[in-house]
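S.K.: Required output: the full structure, derived from the provided sequences and hints.
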Amino acid sequence: MKQRILIFALAAIVLVAATAIPSSPQKKIAWDGSRITPVHQIPLKDELNQVIVPAESYPLPFSSRYTCEPCHDYRVIRQGLHFNETTSTSTGRSGEPWVWVDEKTGTTLPLSYRNSKGIWNPKDLGLTPWDFTLLFGRHMTGGGIAEPDDKDMTPESRWNVAGKLEINCLGCHNASQVQSHSEWAKQVLRENFRWAATAASGLGEVGGMSSRLKGTWDVFDGPNPDDSEWAVAPSVLYNKNLFDSKHRLMFDIAYKPEDSRCLACHSAALAEMKKFNFDEDVHSAAGLKCVSCHRNDITHAMVRGYEGEGKDNAALPSEDFTCAGCHLGGKSTKDQAILPGRLGAPCPLHKGIPKVHFDRLSCTACHSGPMPAKEAARVRTSRANRLGIYGVAQWATGFPSILEPVYIRDKNKKLTPHRLFWPSFWAEIKGEKISPLKPEFISAAAGEILTPEKAVTRVLTALFNMPELEGTPALVMGGKIYELNVDGGLDASPYPALSKEKALFWAAKKDSQITALIPVFNPDLPEAAAEAETHIQKVLEALKNTEAAPGQPVCVYKNVLYRIVESYMDKSEFKGEPASPPQLFWLKDGKTLPFIPDFERKTIEELTGAEQTLTEAQVELVLKALEKKRQETKSNETGPFVYISGGKLFRLSDKQTLEVKNNEAAGPVAWPFAHQVRPAKQALGTNGCTDCHRAGSSFFFGRVTGSGPLKTNRVLVRSASSFMGLTRPYHFLFGLSFTVRPVLKWILFIAVVVVGMMLLLVLLIVLGKLTGLIEKRR
Amino acid sequence: MVFIIITVLSVLGLVFWLTNVRFAAKPPAPGKKPDYFSWLWAGIRGLFKKETLKKGRKALDTWINSYYPGWTKWIFWALAASFVYQAASGFLFAVFSPRGMFGIPLLLHVSVGGLFAVSLAMTLILRARAYRPDQEEEAATQSFARPPLKNISKSLLRKILFWLFAAAGLCLIATALGSMVPVFSFETQQSMIDVHRYSALIALLTASIFLDTAFLPQSQAK
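Residue numbers (our numbering), protein chains in the order written: chain A, 1 to 778; chain B, 1 to 222.
Because the hints were derived from the structure by calculation, they are not lab data.
We put the beta carbon where it would ideally sit given N, CA and C, even for glycine.
Check before you lean on any hint, since a few could be wrong.
[Said to hold, decoys possible] Here are the simulated distance ranges between beta carbons: (1) B:S185 x A:V717: 51 to 57 Å; (2) B:S208 x A:P370: 31 to 37 Å; (3) B:S208 x A:K355: 42 to 48 Å; (4) A:Y255 x B:G100: 44 to 50 Å; (5) A:L770 x B:E51: 29 to 35 Å; (6) A:L764 x B:S185: 28 to 34 Å; (7) A:T299 x B:V8: 45 to 51 Å; (8) A:V766 x B:G100: 53 to 59 Å.
M.R.: Put into structure tokens, the structure is as follows:
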């Protein structure tokens, strides 16, 4: 009897499991030929494949997978270009890497799961899918690495709390203006992965932060009744007005995504350019969409449109959508005719341009990106510089410093415009191999070397809590006023009233008026002295609360040392050099220490107003700290340590000083680009051959200067021709020849006229002879 | 590829034809069976003999002094030198380099092209009179000994060669100029490259036959 019950129970479980298995790919709907997009009035489903009832308490966020799956095969879509970074075997043309930017440690490290020269695989750095998603999920489409299989979830990750970052179908296909990329990025930062798509689409309002929840929390635990302020569990409040009585929601779906959806992750613009001055791509101006050329079917294998893509991915009609495919036509690798003029593309004649240019230059070399200049132009891209995310916090970063156009030969040996940047990172050398180190490892080893501003911010924070202070605390140093900013860092503004040589002083700033924190007073006047001493006492009491203070705060004025002993002001003779105006010191073991140590002071002054975040002195100290750590751990496997920036490798010499070397790992990382496309009238060469072929032309003789977070003059400078693999002297000579080219043309023209006329004459004579009009002579 | 095949075949054919004409005109040594290849090998070896070079130099000097007196010899030298460089650089790269011509040779090819154009125009001005087509021809006895030119007099042949060379030169200069001006479309330019190459081949072949008829000692026609 027991056996029968067991069998029945097992059969029931199997039956229930079978019905719960997600739908098979057989449901895929083929196009019936109609050019309309079906109205997407469908129920939302959660990650358990259950219809969402928005009026229910604590509904789950919608799942793209289960909401779209009934009609669109999610498993097929997952193989698409945007989601297959770890599964694709086709490398294709190299693309823009993800860049791990950590300004504090001076790290701008290119990462990608797709193999490419100079780009590091996240696995090699010990980055798990969880780490990678946290770092870059802000500009990821979901799916792929952000939606790992259970077997790929590492123990230290928090997928069970945050949920998986499913493919965000609406991220591209939502035609509603409510779709917010910023919201997506914020939810990812809060580790609200499973809620991100709901919040970004505007279908509901998401509150709470997974990042503040314990690792044991589960989405089925629901909200935390004991904490409604800090560790608030994420929840969705759906906009009920969007649903009908059958709990169906009307999706405003764009079969062809709007450009703005692509540009959320694929924007690029010159760093110094004003928005109003930005010209859109000539194709966009002509009315084409990004997806007019970059097409895909349900597989989401996108046409990238580069020459030779047909060989990399034979399944795509890629060659139809290259520049030449639309504008010139030709033949595909499958020997099929491609007609020019697709979507009204004009067919260029390229008058006067020798054939060699078409053999050795890609179309984009002349038609894309900014015109080459003496120095490659700096550009910011969405993914590298974290653009397009708006809110209270500043998301965009200056680094990496990406430069364009740099002309490098592609797989077809054609010069193609590339973007590049010089990676910067800390690393250790193991044998011949350089292995990058994680920023957190460096921060831990470097201690306060990389945070010199803390010496100032701690004091300013302590003074901020002094109620008697009229205004906000500030430090005047080296001709600048330093104040606390909202992020706890330092903001600097000029203070022209004081020359750079003058000593620093602490001040209070009120309505742009600067007054000394401890003003000068006359100690011989009892009334004034008493008032001043009371003020000094209050300042010293406030400074007692300075975080990680190296000693007791004291004030020295003339030869008197003021300090607080057991809550009372104590005055004693100061045996050091008398100070005037009053100065603050730290007193430790009977010795006075400067309030801002020399190293911190110099570093702050050097980096103030500069884009860079590191000085050579800091690099030297960090390398020494790393070396010390290595010796302490007695590890023979690690080190020596190096820092890479601006195309150079920095390391400690035998004399423990900073030395610089060239190294292949310090070389630039480059990837080709194709937009913005300029019209023919603005193409390179529109002014004639001398756009490129002249001595000193920017095309051949422009420079690419190494740059990075390290403030140094020791950077690598390379010429444009070195990237092309061309000889500079030859192109200088060839360029020079174009100065006499007009004369040569005239010479050839006269020769053609003379020779031509004589031949015509001979022809006439022969004709005359044949017709008898001219008699033979002896 | 077609051009390479045509070039190689036509140059080899011309060499065979010209040498065979001479071989056929040469009286056979008594008691020996005529052997073309032995004769050719001996001829090639003979080219590098001091005596041959001396004789050749003398013949050339005589020829130049006859036709290009005084300063005008420099025009001939300019034409000859520029044509030799253009032909050598052009055909070497066209036949052996898949990339085509590039680098310093290309730079020189373009520059020397100017010299070739000027010297060709001046040569025509100087020498056109000697090759005027309305002149009475010599007797047919001074003709080639082998078909297809068996009945053409050497004088007429030289005239044809001279004007054919001039016509090929015109095409070479015109196509070079055409590539430098922003007038012709990409397809036209591609065609001009082909015209340039085939004109160069015609110029090379005509110059070779002309050289043969002009300088080398001629045997009596059979």
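S.K.: Look at each hint and say if it fits the structure.
M.R.: A quick look at each hint next to the structure:
1. B:S185 x A:V717: 51 to 57 Å: Given a distance of about 40 Å, which is not inside 51 to 57 Å, the answer is violated.
2. B:S208 x A:P370: 31 to 37 Å: Given a distance of about 53 Å, which is not inside 31 to 37 Å, the answer is violated.
3. B:S208 x A:K355: 42 to 48 Å: 29 Å, violated
4. A:Y255 x B:G100: 44 to 50 Å: This hint holds: roughly 47 Å between Cβ atoms.
5. A:L770 x B:E51: 29 to 35 Å: For B:E51 against A:L770, whose Cβ atoms are near 47 Å apart, the range 29 to 35 Å is violated.
6. A:L764 x B:S185: 28 to 34 Å: With Cβ atoms ~32 Å apart, the hint holds.
7. A:T299 x B:V8: 45 to 51 Å: Given a distance of about 50 Å, which is inside 45 to 51 Å, the answer is holds.
8. A:V766 x B:G100: 53 to 59 Å: 37 Å, violated
Checked against the numbered hints listed earlier, the structure breaks hints 1, 2, 3, 5, 8; every other hint is satisfied.
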